[in-house]
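K.L.:
From first to last, the protein sequence lines are chains F and U.
Quick note: the first sequence uses this note's numbering, first residue 1, plus one each step.
Quick note: the second sequence uses this note's numbering, first residue 1, plus one each step.
Don't read these hints as lab results, they were simulated from the structure.
Keep in mind it's a predicted model, so treat the numbers as computed, not measured.
Accuracy of the hints is not assured; some may be wrong.
You can't tell identical chains apart in this list, so a pair holds if it fits in one copy or across any two.
[Stated by the list, open to error] The list that follows gives simulated cross-link-like pairs (lysine-lysine, DSBU-like), each with its CA atoms no further than 35 Å apart:
| no. | residue 1 | residue 2 |
| --- | --- | --- |
| 1 | 95 | 43 |
| 2 | 68 | 126 |
| 3 | 18 | 126 |
| 4 | 225 | 56 |
| 5 | 95 | 109 |
| 6 | 63 | 20 |
| 7 | 93 | 225 |
| 8 | 199 | 126 |
| 9 | 126 | 56 |
| 10 | 63 | 109 |
| 11 | 56 | 196 |
| 12 | 214 | 95 |
There are 2 protein chains.
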Amino acid sequence: MNGPHLRKGSRQPPSAPKGKLRLYSNRFCPYSQRVMLVLDAKKIAYDVVNINLYSKPDWYYDKSPFGKVPALELENGEVLYESLIIADYLDEKYKAHQLHSHDPLQKAKDKLLIEEFNRVVNTMYKALMGIGRPSLEEDEAVANGLGSFERELGNRGTPFYGGAKPGILDLMIWPWCERAEILKLFGNANLLKKDKYRKLLEWCKRMTHEPSVKRSMMDSDTHIKYLQSYRAGRPDYDMILNSTD
Amino acid sequence: MNGPHLRKGSRQPPSAPKGKLRLYSNRFCPYSQRVMLVLDAKKIAYDVVNINLYSKPDWYYDKSPFGKVPALELENGEVLYESLIIADYLDEKYKAHQLHSHDPLQKAKDKLLIEEFNRVVNTMYKALMGIGRPSLEEDEAVANGLGSFERELGNRGTPFYGGAKPGILDLMIWPWCERAEILKLFGNANLLKKDKYRKLLEWCKRMTHEPSVKRSMMDSDTHIKYLQSYRAGRPDYDMILNSTD
Numbered sequence: 001m002n003g004p005h006l007r008k009g010s011r012q013p014p015s016a017p018k019g020k021l022r023l024y025s026n027r028f029c030p031y032s033q034r035v036m037l038v039l040d041a042k043k044i045a046y047d048v049v050n051i052n053l054y055s056k057p058d059w060y061y062d063k064s065p066f067g068k069v070p071a072l073e074l075e076n077g078e079v080l081y082e083s084l085i086i087a088d089y090l091d092e093k094y095k096a097h098q099l100h101s102h103d104p105l106q107k108a109k110d111k112l113l114i115e116e117f118n119r120v121v122n123t124m125y126k127a128l129m130g131i132g133r134p135s136l137e138e139d140e141a142v143a144n145g146l147g148s149f150e151r152e153l154g155n156r157g158t159p160f161y162g163g164a165k166p167g168i169l170d171l172m173i174w175p176w177c178e179r180a181e182i183l184k185l186f187g188n189a190n191l192l193k194k195d196k197y198r199k200l201l202e203w204c205k206r207m208t209h210e211p212s213v214k215r216s217m218m219d220s221d222t223h224i225k226y227l228q229s230y231r232a233g234r235p236d237y238d239m240i241l242n243s244t245d
Numbered sequence: 001m002n003g004p005h006l007r008k009g010s011r012q013p014p015s016a017p018k019g020k021l022r023l024y025s026n027r028f029c030p031y032s033q034r035v036m037l038v039l040d041a042k043k044i045a046y047d048v049v050n051i052n053l054y055s056k057p058d059w060y061y062d063k064s065p066f067g068k069v070p071a072l073e074l075e076n077g078e079v080l081y082e083s084l085i086i087a088d089y090l091d092e093k094y095k096a097h098q099l100h101s102h103d104p105l106q107k108a109k110d111k112l113l114i115e116e117f118n119r120v121v122n123t124m125y126k127a128l129m130g131i132g133r134p135s136l137e138e139d140e141a142v143a144n145g146l147g148s149f150e151r152e153l154g155n156r157g158t159p160f161y162g163g164a165k166p167g168i169l170d171l172m173i174w175p176w177c178e179r180a181e182i183l184k185l186f187g188n189a190n191l192l193k194k195d196k197y198r199k200l201l202e203w204c205k206r207m208t209h210e211p212s213v214k215r216s217m218m219d220s221d222t223h224i225k226y227l228q229s230y231r232a233g234r235p236d237y238d239m240i241l242n243s244t245d
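Bound-form chain F, shown alone (with noise of 0.2 Å):
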């Protein structure tokens, strides 16, 4: 997954290996996570096929009609975009390890979840991707959206969102949460004050334990590093290139 990132005038790579999924990616983009963790999650085979999504190779917009990252390529050479939608064909599609509940609503609800989560996220990342530190406002809606995220974790009273393991809302926001130590350098540092997200850290913490989270976590460092880089206006997605595989 750390291989580099294909850019404008590259070749096209051959398909992915039989038996294997090939997943369309930017190693710094949270939605092309999103399905990293789902496939390793459910321990599906695929590769990566990285994309410099300032400079997009010709023959992507073929893959993915709008150019986007995360795609995914399956055996039949048929390709399906949106992490929710590929989040969500995983699970339908290969049984082992389910992510969502068997429960029509609590699968409901956790969708519901995870669009708020979006809300809050997209308030917080809008201002932390160079258009300034986040208002008094933002800094309130995204408290409050954590808020509501602490005490869900307190009432279903389970090591994770999913219950004994990470089901599909813990994985769909975990991306966002990973990089949350960057609030403190470029946000409000009270926003993640100990005492008032206690179960939500305690959740990191655990998540970061799980040997399929593992797969494509990194450092805040990293994440730091390249948000210094994207602000500049030259994102530096290959910055840890063949690092780790």
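Chain F is fixed; fit chain U onto it per the hints.
P.N.:
Same frame as chain F, but now just chain U:
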């Protein structure tokens, strides 16, 4: 479904009668109509409480966290929102008249087409809702989008996207197709050229003959009158008050 739209200051209605779901809706909201279409296609018993979106009752925020419609109140008092999440929930909980494909890949592809249709419609709708006539680029994006739906119907070779009966894709895109005639008035009439979208127009006609589609259907004159009232800043939600049930 044609009851008065409750506004700020109105009293909260009693719960739905036992054995019925409660849909909080707005008669002219296409997202609410999506849920009605699913409920009617699956023959699930429900009643409707209409909400005035310009002047929402305070109590409504206790039902739907963001005050949005549609919201579906279950028999246990829990409330789901977001039309696609509600639709998926209903299709999983009530097995009869299944709307999603049993094949995970076809299901994922249908979901991507629903997203694609959303993109087309957002371009079209924003222009229609008062920001002015669509630009040439917008017209082209809409025409390309509709063209892919025309081809898709040809590729599937069935009366409906879902096969012999309307499936999830048919129902999720229908509310905007029902409103297509308003394009002739406010948009570019060329968009609906008969020879370009022959299959799509035949599909539209077939949809209007489906009993479950007929239930929530309104004619083009009503849609146009509503749109005119909306654009004038006084949306006349109650124009068909109790006219049919």
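K.L.:
Which numbered hints turn out to be false for this structure?
P.N.:
Numbers 3 and 7 - these are the hints that the structure violates, sorted from lowest upward.
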